[in-house]
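Here is how the chains run, residue by residue.
There are 4 protein chains.
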Amino acid sequence: MSEKKSLNIGLVGYGFMGRTHSNAYKRVSDFFPDLGHRPVLKAVCGRTEDRTKAFAEQWRYESYETDWRELLKRDDIDAIDICTPNDQHAKVAIAAAEAGKMVLCEKPLARTAEESTPMVDAVEKAGVPNTVWYNYRRVPAVTLAKQIVDSGKLGQIFHYRANFLQDWTISADLPQGGEGLWRLDAAAAGSGVTGDLLAHCIDTAIWLNGSIADVSAVTETFIKERVHTATGEKQKVTIDDACIFHCHFANGSLGLFESTRYARGHKALYTLEINGADASIRWNLHDLNRLEFFDHSDDSTTRGWRSVHITDGDMPYMDKWWVPGLCIGYEHTFVHHVADFLASLDSSEPCAPTFRDALETAQVCDAVLASAKERSWKDV
Amino acid sequence: MSEKKSLNIGLVGYGFMGRTHSNAYKRVSDFFPDLGHRPVLKAVCGRTEDRTKAFAEQWRYESYETDWRELLKRDDIDAIDICTPNDQHAKVAIAAAEAGKMVLCEKPLARTAEESTPMVDAVEKAGVPNTVWYNYRRVPAVTLAKQIVDSGKLGQIFHYRANFLQDWTISADLPQGGEGLWRLDAAAAGSGVTGDLLAHCIDTAIWLNGSIADVSAVTETFIKERVHTATGEKQKVTIDDACIFHCHFANGSLGLFESTRYARGHKALYTLEINGADASIRWNLHDLNRLEFFDHSDDSTTRGWRSVHITDGDMPYMDKWWVPGLCIGYEHTFVHHVADFLASLDSSEPCAPTFRDALETAQVCDAVLASAKERSWKDV
Amino acid sequence: MSEKKSLNIGLVGYGFMGRTHSNAYKRVSDFFPDLGHRPVLKAVCGRTEDRTKAFAEQWRYESYETDWRELLKRDDIDAIDICTPNDQHAKVAIAAAEAGKMVLCEKPLARTAEESTPMVDAVEKAGVPNTVWYNYRRVPAVTLAKQIVDSGKLGQIFHYRANFLQDWTISADLPQGGEGLWRLDAAAAGSGVTGDLLAHCIDTAIWLNGSIADVSAVTETFIKERVHTATGEKQKVTIDDACIFHCHFANGSLGLFESTRYARGHKALYTLEINGADASIRWNLHDLNRLEFFDHSDDSTTRGWRSVHITDGDMPYMDKWWVPGLCIGYEHTFVHHVADFLASLDSSEPCAPTFRDALETAQVCDAVLASAKERSWKDV
Amino acid sequence: MSEKKSLNIGLVGYGFMGRTHSNAYKRVSDFFPDLGHRPVLKAVCGRTEDRTKAFAEQWRYESYETDWRELLKRDDIDAIDICTPNDQHAKVAIAAAEAGKMVLCEKPLARTAEESTPMVDAVEKAGVPNTVWYNYRRVPAVTLAKQIVDSGKLGQIFHYRANFLQDWTISADLPQGGEGLWRLDAAAAGSGVTGDLLAHCIDTAIWLNGSIADVSAVTETFIKERVHTATGEKQKVTIDDACIFHCHFANGSLGLFESTRYARGHKALYTLEINGADASIRWNLHDLNRLEFFDHSDDSTTRGWRSVHITDGDMPYMDKWWVPGLCIGYEHTFVHHVADFLASLDSSEPCAPTFRDALETAQVCDAVLASAKERSWKDV
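Top to bottom, those sequences are chains A, B, C and D.
When we follow the working numbering, the leftmost residue of the first sequence carries the number 1, and every step to the right adds one.
When we follow the working numbering, the leftmost residue of the second sequence carries the number 1, and every step to the right adds one.
When we follow the working numbering, the leftmost residue of the third sequence carries the number 1, and every step to the right adds one.
When we follow the working numbering, the leftmost residue of the fourth sequence carries the number 1, and every step to the right adds one.
This is chain A alone, in the form it adopts within the complex (with noise of 0.2 Å):
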């Protein structure tokens, strides 16, 4: 273990992703002891001032703003991470780009691809490191799906499906925009399932089966009206609160992508399965330390699907936490993500997704919402 340098974070926002980014500063350098760079809760930034000391107090944040560019104009600030509202990821990025700050921000980068080309563009110009939170690629089994994927296991690919489904907004009384649901509320979040959820499958499928050629989508939004919580008045509804599409690969294979929040019975069920000529693989959040694998070239009458329990040590991350059997959980793929995003400074690589990484991504979406909107097929 050798001498850390400090890492003072600036953390902008303070919700579910405030939370889950600061237990991932706050553990990683108790399980990844040999990165070079010790993370420090330096400051928190929100608009409301009690709750921001609140939530600095509680996580042990050193000090806090109530206006995010004054943490801009801070020396001892680092990096920036943005965990606000989409709609306010752009302006914050920018600014902390060209205050030469690292950012690393939450996904997706920004409402639309077009919000999002100047915040590539901001961090390429300025050099700073950047990362966006599409943690799900740091589940390990995700990631072990991507190291068998690159060994040439799976043959030609034929076949790429994910779907996320969640079930927590079939209720007609619950209300749109403000706290805790500006997800709800297209003016902040952009889109709906689209951006919130598919988003997340988009940035998978592409690492795992490369670019999305041409899409056709559809889009639904079962409740029409909810009361905003702004106003308090009954207001239209203007995200999807469904979306699926099929879709061409670059290599050929056929996707399919759906996302809901009408799903009864799922409370965060994203799954994906790949199918190529020799093998197949399967994972789902819901039971994130399985992965599921089939392989073709097993003797013919003990061949299945495989579920592998992805515990053990010479599995990705797995050396850093318990022994073999013992699980992990959602808040690990952040930890790993920061361990990476470390070590990325170490070594002077990126660290993947990258700003430009997730505005293929946005631009997936865009597609997505235009097929829908257009009734017809949009290329990427």
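Calculated directly from the structure, the hints in this document are not laboratory data.
Any given hint could be a false lead.
When chains are identical, the list treats them as one kind, so a pair holds in a single copy or across two.
[To be verified] Within a straight-line C-alpha distance of at most 30 Å, the following computed DSS-like cross-link-like pairs (lysine-lysine) qualify: (1) K125 - K5; (2) K224 - K146; (3) K153 - K234; (4) K53 - K320; (5) K125 - K91; (6) K373 - K234; (7) K42 - K5; (8) K153 - K224.
Using the hints provided, position chains B, C and D relative to the given structure of chain A.
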């Protein structure tokens, strides 16, 4: 048990479906003793005499024919059961109806809706009992799903998804056409997975969730040329190896369907799921004795997907078989279909799906194939 | 398909097992066409004439008897199949053997090893083909397990565990004795779950893992008194409701067995697992088309329990049925048993388990019950 | 969030358990902000200075010691946490209690009940808060199981079964003794799987189902000799590699327990099941976020085992973590234990399992080992 009348069966075709139907006729009276008719295996008809004769001996048919027209002339035949390749369905069925025979036809009804329509006209004009062997309606778990849907327990339906995944045609060495492989030849089959597999999914979907209004599809033929067994030469493959479509149901729910023969690791995995506001249902053919059911009205801390083993006597058809916990298999669906057909003779009610019911499935299949070809939405 | 000889069956008893056996005789020639004999349902015998006659009509037996001694006198009967309550097995089997009939006997062979021994002597002295219907050996997944064990793939065996869990006798209102309920009356059944359920587990275990050397058991009767249907009065319950034992196998491995009719939520859950140094196997009756297999020689990062769907043509018995992915059910095990019995007539080899094989299971059951009674280890 | 008092921790031992406990102390205040105390990592103590120092640096302990007696003398230490091999527990715990420190002890309490008894006496005489880290009580699914049992939903309990299956010691090349392997040396560990794994199962069982009255056990040591790391020579293996026992609970139910390190394919598979007259519960450690629940009062046609994903905010501890569907892992059980220990300081209630609670588990373990040795039933 009343005195039974004989129902004399004339089977046309002795392939895979010829076996499943023959078995069903032979078993039904042992397990459903209260029906008014007992099927009698009067004659089987096939083009190749030695094979037809061997089949007749193995299954103990009383006689055989090598020309189906001869079969229609026989007074000792009450019902014609059509198990030929799809391109033969229409002419045999129409002639059988015109000869006043009951007609049981393997699915799909014919290669297209256009070819199917005169079949419907024929049986309706003749007024003969008719049914199409969409056997999966009669998996007890699927029949129970129908009862649950009809009870209203699911509430408003938001999503219906189904897929039928196989992997048996991945090898490029597999030829097309001829015995056992006519399903790979569009001339005989009409289409690939759309008519062979998705037709099953569509039939069940319409039964469970009502009509399909419009569709947007994509198809793919992964292996472009295969040797044709008739010519011994490489010929263009004209079937769809894979087909995906999304759709709107008339009730406002979204549908998602996929079928492929290139999903490595899946043998005959027909899966369906319905998500309602209040409850959801899930089923798959590899575990056909189970129904998964999620009831949102359960206590929140013990609410989960129930894995229901559909083997108790109060479940559909199961009072006829064994005791709780003891599985039935694939072929029982055909026994149930025969039992229901016999019951329909007793009651003079139609036995669903009738030719007319199956025409709707053909219309959806046609819209799917047209949508894929023209890359646009198609109304059904 | 060769010319077949008739094998004339005389069935004694028409209860649950009478149905499963009758079905097996009727189906076997359709699916196993190459055997030298075709079973013919010659006669069924039962004490109550109207029920026996109704059974004969439903299953199309050519005749019926109300005294099994009459059956033995008939020259047109080749084989006696015993499906009576357990207390009748010995006398019928011994007389049948003495009459020179082949004998097929439902399990367990008799109520005790002492009662079973003269049965073994009788069939061996008479030199008649004989077998005991421990049908679970012939679930294709279990037969495959045997092939895997015999291949040596498992390496040294450390553990064998099996249980058979039911919940159908939990209600205190259930009476004992009489038709359908003789299994709850020790006078008729010999014991409770030990002879009814654990006997199955023991038969499979000896087949897969060799002899059992010694046992240590506990039994329990949760409901002490039940109305007896014969007397209409409350009587002491003399069967074991639950039985657990551990044991040493002759090969040095440890065994663990449990059976109960008080495991709420389990219908007929027979589960077995074998752990060897190199590989393990797991199976259960509720999902009988699957075998779970763990192979330690797989690559460490993709090693897991394989869920193998035992439906392909290269799996035991499955070339006789349908196509990959299509399930068979409980009753197919009896068809397989008949097929193997018929094959044994062709080859003049014994059809396992023979009466002698089944005697060993009876001896283990006796040791188990003695151990429980005396609260001490018992050698077998 | 109130002003928090510091709780200064002195950790003895820095092995696997040292890591899990350290992590728990560091995370608890972030996720359980309302507790009156905040753990402070004051000192870690180990015999090897360089390793102890490295551990202190990695985990940011303020100081370290190489003699635990020194630790007890320090006024700035409030609580001693014992993570040493089992043979060291008693002397450290007794001295710590005598020094007026709170004591948290890794399980099992000591090697035997005899060795454990003075530990109980010491903490009770000193009146110091004490607890034993039987962490699996605090898997949310297991805690929920306890709530369900306490609610009476299960009705009369008939069966309790649990096993803990591993496969990590199958290789004969594995040595015994020394760091990381002291669990294979009876001198240090007391016993093999009985104290290491079954002790967990027994603790949970007593908690859920009450006291165990008597036991009948068998143990096995499959590999008789292994190289000892201390001497470099082959020595007799004195631990139990496997242990099976059945028992009566005081409430009249039957218990069945098994543990082994020779169950190929299982990493750390702790499974438990309770069968009551009205409902049943099942859980396993490999899928720790799920609880399976069977409720016999459900409608009969849709009754099945519910797979409940224990991640919603109304489930035990889960309001502190993420959102529905997002998993937690193994180490969270220790965070929960610390949180409950801190809460017990606020309330001045004991934090179960106390030393006294853990003594009962030790007594059962002793009876199990005596029963196996003497091949007879033993009262607890």
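Legend entry - Status of K234 relative to K153 across identical chains (alpha carbons, at most 30 Å): Between copies only: 29 Å across chains, 53 Å inside a chain, cut-off 30 Å.
Legend entry - Alpha-carbon proximity context of K42 and K5, limit 30 Å: both (14 Å within a copy, 23 Å between copies)
Inset, instruction - Please work out whether the CA atoms of K125 and K5 approach to 30 Å or closer within one copy, between two copies, in both situations, or in neither? - result: This pair counts as within: shortest intra-copy Cα distance 25 Å, inter-copy 48 Å.
Legend entry - Same-copy or cross-copy closeness of K224 to K146 [CA-CA at most 30 Å]: Between copies only: 29 Å across chains, 40 Å inside a chain, cut-off 30 Å.
Inset, instruction - At 30 Å max between alpha carbons, let me know whether K125 reaches K91 within a copy, between copies, both or neither. - result: For K125 and K91, only the intra-copy Cα distance (15 Å) is at most 30 Å; the inter-copy one is 64 Å.
Inset, instruction - Give the relationship of K373 and K234 under a CA distance limit of 30 Å: within one copy only, between copies only, both, or neither. - result: within (24 Å within a copy, 43 Å between copies)
Inset, instruction - Give the relationship of K53 and K320 under a CA distance limit of 30 Å: within one copy only, between copies only, both, or neither. - result: Between. Shortest inter-copy distance 19 Å satisfies the 30 Å Cα cut-off; intra-copy 33 Å does not.
Legend entry - Intra/inter-copy verdict for K153 and K224 if alpha-carbon distance must be at most 30 Å: Close across copies (23 Å), not inside one copy (46 Å); limit 30 Å.
No hint from the list above goes unmet by this structure.
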